[in-house]
Amino acid sequence: MTTLRVQARGYGAILGAGWRTALAYRGALMLTALTTALSLAVQLSVWNAVYDGRSGIQGYDATTMTTYLLAGNLLAVLLSNQIDDTLSGDIYRGDHVVGLLRPIGFLGSHAAVALPYLAVRLTLVVLPLLGFALVFVPLATPTVAGFTWFAVSAVLATTLGILLNLLVGLAGFITTSTWGLRYLKGTVVAFCSGQLVPLELMPAAVRGVMEWLPFAAMVNTPVRLLLGRLEGLAALHAVGVQLLWVGLGLLVCVFAWRGALKRGEVSGG
Amino acid sequence: MRRYLSLSLLLTGVGLRRILAYRSDFFVGIGAFALRVVMHALLLGVIYQYVSDIAGWTFDEALLLLGVAMLVRGLDHAFTDQLWELGRKLVQRGELVRYLVRPVHPLFSLLSERFCYPEGIGEVLAGLAVIFYAAGGLELDLGAGRIVLFGLLLLVGALVFAAVKLLLAALAFWTTTSLQVMTAVYEVADTARYPLDVFPVPIRVVLTSVIPFALTGFVPADYLLHGAGVLTWLAPVIAGVLTALALLAWSRGVRRFEAVGP
Amino acid sequence: MIEAHELSKVFKVRKMRPGLWGAVRGLVSADVEEVRALDGVSFSVPAGERTAYLGVNGAGKSTTIKALAGVLTPTSGHCRVAGRDPRADRYAHARTIGVVFGHRTQLWWDLPVEESFRILARLHDMSKEDAALNRKLFDEVLDLGEIAHRPVRTLSLGQRMRAEVAAALFHNPRVLLLDEPTIGLDLLLKEAVHELVNRVVADRGTTVLLTSHDVADITAICERVVVVDSGRDVYTGDLDDLLRQAPTRTVRLDYSGDISPESLVSHVRHYIGLVQVEIVGRRRIKVEGPPDLATPQAVLNAVSGLVTVTDLVAPEPTLGEVLRALYVRTAEPARGAR
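Residue numbers (this note's numbering), protein chains in the order written: chain A, 3 to 271; chain B, 207 to 468; chain C, 288 to 625.
If you're looking for bench data, these hints aren't it; they were derived computationally from the structure. A quick note: this is a predicted structure, and the numbers were derived from the prediction, not measured. All residues carry an ideal CB built from backbone N, CA and C; glycine is no exception. Fair warning: there could be bad hints in the mix.
FRET-style restraints, in silico, Cβ to Cβ [unchecked claim]:
(1) C:A334 - B:L222: 40 to 48 Å
(2) B:L222 - A:Q60: 44 to 52 Å
(3) A:R7 - C:V322: 36 to 44 Å
(4) C:D417 - A:A19: 46 to 54 Å
(5) B:F356 - C:A435: 46 to 54 Å
(6) B:V443 - A:F134: 50 to 58 Å
(7) A:G249 - B:D347: 58 to 66 Å
(8) C:D417 - B:D347: 52 to 60 Å
Put together the whole structure using the sequences plus the hints.
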């Protein structure tokens, strides 16, 4: 029991420190909100031109598409959490050795840093943009069921984002520098998650591949649930697949961490 | 000047050797760029599946714009990549001091750590390939003068990129790190690779003056496809102003760094 | 060679309130607090001298070094290095000085040390002969053989620190500024750094200013000291003179003879006067008191005829003791020679 309490207190301390660190960069986050808005406006204008004189593409009318892109981009704001950067930085400098000495799990403490970070992004970027869009942009209204599914699915998607970032950070044990890998991750997530375009619009072959990748579970699945494009059994199935990916991600992270420990030190002492 | 040139050569060699130290990550990075090319082209393809033109631009024309944007970004990427480090941690950790105690211009000293970055060169080559591919499907009226001016516009575009990057990285002098802002703005650059005519006026203004990413793709491509317009002649002016601003921010920032204490 | 005149530096520090609620309140407003790191420090270091710049944590040591290196602008006052304001001509200044900031690397982290030397030679526009000469010198002093091809990142702390010092000395600077050059090193590695500095500096007549917490650094490298406390200079002078300012000296005596320890102690105490005498072992006593009283001669005189002296030790006072005494007295600043 006491160890549990020690652990809880340790994580609490890390959450507090993470929250303060994240808040320290609030200026940057407000700018992030602006650029996200700009990026969204750019995408919406392009699709606006595409929809010029056309009622629907693959069952997406202009309003649904707007809603999809809005939800997708805002969700993507929550997928970036910088822990890949902090973790691989720790490994590069050999600081992970210090992390090992703390009385709480190393990976857990890194993952915990993501939570306050996400909370700050949620309050300073996502909610203001959402509020703005609700007032000024015509959007499709989700059903209660759709919204409930979305809430569950979005949490899972964010968890997947954390796990993916942990995994990329851990790759630092192999490649030391992870810049290229992080860039690759950014690219793959942006395209394969369906953030920029609904996967249904992709050519059949490409779509087939992407739906089998875990990235689809990070944006495409939750947003389709929100729009009511997956209902009942299909919704259950989609969330089940997400759960499967989360479980798999956890396993891979733990094994990667164990393997890395066996490899031993990477940086000079 | 000659000294700086010879130093650049030396440091380019050093930079290449340093990349070899992280070979696997480097190749992953190159792979990521290749993938990015494919993905962007794919996205364009997906959109053009449903329309024949966007704001009067056909698929081939939009592809050309994509290629130009990549080439310009590659030019900048090859020479100013170290600015990311400035935004990320050099101020935060006080590591900038090492550039201030060397007998060369601190900005040169900083940039020189990643000169002729091969990833950037790769991006330039990929951009060229896309441009040639797209041009194959277009009937371009190409005289020598036009190509020269096009080349100059490419350089202007690269300067704009570098200036925006320096400006954002220099923000770190006041905010200790500006990586998040840089990343966010660069994502705009990626999504802004469309004909300017698609956008409503406020966005056009932003993309030509506030963060003028239109100059890094649309303006040169539009010139090559449709000939000179107002923006063609405005581009160097905007780039000049922006560069001056960025250099001012840098020197102010360094002064602040020295006042606040590394 | 180095002059500082009334250097002051005030930092504005934004206070972070503790706890979650503090962080939320920090969103809205922030308290700014002024911290006076330097409060009118003046000192000078003549050419070729090796001076230690001492003070407790937060006494403004690093701030001074940074101001002298030209990477920090003082709030008021001015400094000159080799007759030049560090900020006036940055490049000329950079060629004049070599600087080591204890925990910030100036080497190319991902490159071998050799490569860093090569770049430094080019950056400083060294002649081929000078560069080759120095490469040979540091090759030998650093024993680079085995580590020459490994990236700096993979070196041990001791190897890296020595490489760091070597890099600062590579372009033959006339002034060497060392800010905590041995921080985190063990005794042997510290000595290796001392040896490196002494060997190179002695040949070239380099002027050295060193800050350190470690008394060993100071006694091994420097002959002069500047002591700062609470942002002001409180002592400038020879290291030996400073040591002589010790408030007390100790003499230890081993003897043989039949007299009981207690009566010997009381005898010595009466004979010398205002000193403390203690039994510290079998047939061993310790006499502690003001430097003019607790001298070996006085102790010898006191016991002559009573016992046979088998050993007499009068250890030098340690710099640590002297400094501690000095800090206590800072309310009334004492100035030594010069």
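Requested in this report: Take a look at whether the Cβ-Cβ distance between R7 (chain A) and V322 (chain C) falls inside 36 to 44 Å.
Outcome: Because 38 Å falls inside the window, the suggested range holds.
Query raised in the report: Is 52 to 60 Å a correct range for the gap between the Cβ atoms of D417 (chain C) and D347 (chain B)?
Result: holds (59 Å)
**Report entry** Whether the CB-CB distance between F356 (chain B) and A435 (chain C) falls inside 46 to 54 Å
**Finding:** With Cβ atoms ~48 Å apart, the hint holds.
Requested in this report: Could you check the hint for me, namely that D417 (chain C) and A19 (chain A) are 46 to 54 Å apart, CB to CB?
Outcome: holds (49 Å)
Requested in this report: Return holds or violated for the Cβ distance of G249 (chain A) and D347 (chain B) against the range 58 to 66 Å.
Outcome: Hint holds: Cβ distance 59 Å, inside 58 to 66 Å.
Query raised in the report: Is the hinted range of 50 to 58 Å satisfied by the C-beta distance from V443 (chain B) to F134 (chain A)?
Result: The hinted range 50 to 58 Å is violated for V443 (chain B) and F134 (chain A), with Cβ atoms some 33 Å apart.
Query raised in the report: CB of L222 (chain B) to CB of Q60 (chain A), is that within 44 to 52 Å?
Result: Since L222 (chain B) and Q60 (chain A) have Cβ atoms about 47 Å apart, the given range 44 to 52 Å holds.
Query - Distance restraint hint 40 to 48 Å, applied to the beta-carbon atoms of A334 (chain C) and L222 (chain B) - result: Given about 42 Å between the Cβ atoms, the range holds.
When the structure is compared with the earlier hints, a violation turns up for hint 6 alone.
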